[in-house]
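Student: Starting from the given sequences, assemble the full structure and let the hints guide the process.
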Amino acid sequence: MISLNELTKTYGRGADSVTVLDRLNFEVGAGEIFAVTGPSGAGKSTLAQCINLLERPTSGSVVVNGEDLSSLPEKRLRAARRRIGTVFQSASLLSRRTASENIALPLEYLGVTPGEIRARVGELIDRVGLGPKAHSYPFQLSGGQAQRVGIARALALRPAILLADEATSGLDPDTTSSVVELLKQLRTDLDLTVVFITHEMDTVRQIADSVARLERGRIVETGALVDLLTDHGSPLGRALQPRLRFAAADDDAATWYVTYDSADVPGDWIQRVSVDLAVPVHLLGASVETVHGINTGSATLGIAAASDDAVRAVLAKYGLSGTPDASRETGVGGAPVSPVRSGAVPALEGAA
Amino acid sequence: MSAVVGGSIYVPRADVPVAELPALLLPAYGETVVMVGIVMAIVLVVGTPLGVLLHNAAPGGLFERPALHAVLGWIISVGRSLPFLILMASIVPFTRFLTGTNIGIAAAVVPMSLAGIAFFTRIVENALRSVPPSIVRVARASGGSNLQIMRSAQFGEAVPAVLGGLTIQVIAMIEYSAIAGTIGAGGIGYVAVTYGYQRFDNTVMLATILILVATVAFVQVAGDRLVRWVTPQKRLQRA
Ligand SMILES: Nc1ncnc2c1ncn2[C@@H]1O[C@H](COP(=O)(O)OP(=O)(O)OP(=O)(O)O)[C@@H](O)[C@H]1O
Ligand SMILES: [Mg+2]
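Read top to bottom, the protein sequences are chains P and X. For the first sequence, position 131 (counting from the first letter as 1) is numbered 131 according to the numbering used here, and the numbering increases by one without interruption. Each position in the second sequence, counted from 1, maps to that position plus 352 in the numbering used here.
Calculated directly from the structure, the hints in this document are not laboratory data. Some clues are possibly wrong.
[As the list claims (entries may be wrong)] Which residues of chain P face chain X? A few of them, derived with a C-beta cut under 7 Å, are:
no.: 1; residue: Asn52
no.: 2; residue: Arg78
no.: 3; residue: Arg81
no.: 4; residue: Arg83
no.: 5; residue: Phe88
no.: 6; residue: Arg96
no.: 7; residue: Leu105
no.: 8; residue: Pro106
no.: 9; residue: Tyr137
no.: 10; residue: Phe139
[To be verified] Cross-link-like lysine to aspartate or glutamate pairs, in silico, DMTMM-like; alpha carbons within 20 Å at most:
no.: 11; chain 1: X; residue 1: Lys586; chain 2: P; residue 2: Glu101
no.: 12; chain 1: X; residue 1: Lys586; chain 2: X; residue 2: Asp576
no.: 13; chain 1: P; residue 1: Lys75; chain 2: X; residue 2: Asp576
no.: 14; chain 1: P; residue 1: Lys75; chain 2: P; residue 2: Glu55
no.: 15; chain 1: P; residue 1: Lys317; chain 2: P; residue 2: Asp251
Remember, predicted model here, so these are calculated numbers, not experimental data. We put the beta carbon where it would ideally sit given N, CA and C, even for glycine.
Tutor: What follows is the structure in structure tokens.
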């Protein structure tokens, strides 16, 4: 278990000082995966470095399993660091050491005997599924394999907390999924508390139990992933929706951005909305997926005529929430969505 | 027949016959090797920790000491900016204080070591600077002490770069030894100056040039091999 209390980090002094983290509070329970997202420069990496004690907080505390680590004297800080395993972006492996030798690093630093190191490293290599690559050098590993080595190294000293800063950034989607699955498995098996920092919303949806959004050093929103995904009022919830490139609506039709807003949206809702409004509804783009057993997602529609209020009312009837003019969405976060014109978009002529 | 006796050489009047070259050049070559060897040993022992210290005392290092870094950096820069001949001449009192003499191998080793240490400290500092900061963060997060981090993460990663620099350094030291030869330090440089330059003995001049070119080429090839051997990617991809 880890909890942050009023964690503040200020760089510099006096007039030049910048507060990078501003009174952060959150708590992550054992076995929970807590994702932290936010735009570049929000302070995510600084937060990671305050949690694994590479940087001292200016004020506030980091409490791990009931002990306040942030106030420890310098000498004991090094011991405290060993209770937190860190997985870094692109693994950051020592290039002149094999996979096994990289995993052994924290054990060597601790002064574990060579025999014990061999046994523990063997265990860890198997745990992350890298048996055949044990004696490969980093240049011989794929990005995903290197990241597995990084994870094994982070687990070498049996930490209670696993901290990942952009651990899957730069990996392709399939490799990201396999690394995410490994982390989830480890969380379950080892009852790890995981703080997962990333700017990739797709990865957050795959891995997180809870999510916080960090902006300019403050947590602007936080909650359970499932709650956020079905809360239409939540900017973070909407940012978490799968991003899509959508076609432009016809000139006489308005573009609507629609999100799943409840657990029981009917499967044929587009048909039904079209019938209820008595106008054609064009599907311009959509992405729907199941997260923790609940359908969630969003669609961009082109709807001709009808008043905004009427459209809203009909959408609400089916557990959806809509916003006219999807271009507004680009301000919410993540990469801007640019409309692409495409002739091959099916029109759902429900009213014809 | 010429011979090297206590650093002074009996100089014959005509060009040295080819048959007598080995007797003249081999002992001198041995002196050069000894001189460069001693200097390199001192340079490695002093320059390596100094380079690591300089790198880590800098802002962003493991133990930032801006004042120490500034002073150390300044001293090294002064040492590096003096032409070797000038450095050698300007520290004669210091050399005499240390070795009791200002000619011969012992006297040459002092200025060569000073110049060499300044040179190598920068090489080590530069090599460490090329190690990504993320590697050092990993080592710190893995619970390493500063000493452990400097050894396994910083220096361990920088070994190929340090060896590459070391090759350049050895070649520079051979050159310095030739310059030191002019103040009677012995060695191949001394022979080149006294025979080739002062007596216009073209045979000796040519022979010393060939020997120096061959030596430098050998050091370079050996250095490149070594760098290849300590870089897993280069070592394993050759096959
Ligand atoms: N040592 C430092 N001194 C001064 N300012 C710093 C320092 N480290 C980070 N900052 C500032 O803190 C802010 C947050 O940086 P941080 O690296 O934590 O962002 P981030 O959220 O991880 O961004 P990214 O997604 O690009 O990695 C930035 O504005 C950065 O300039
Ligand atoms: Mg970052």
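Student: State the violated hints by number, sorted upward, taking the hints as numbered earlier in the document.
Tutor: 4, 13, 15
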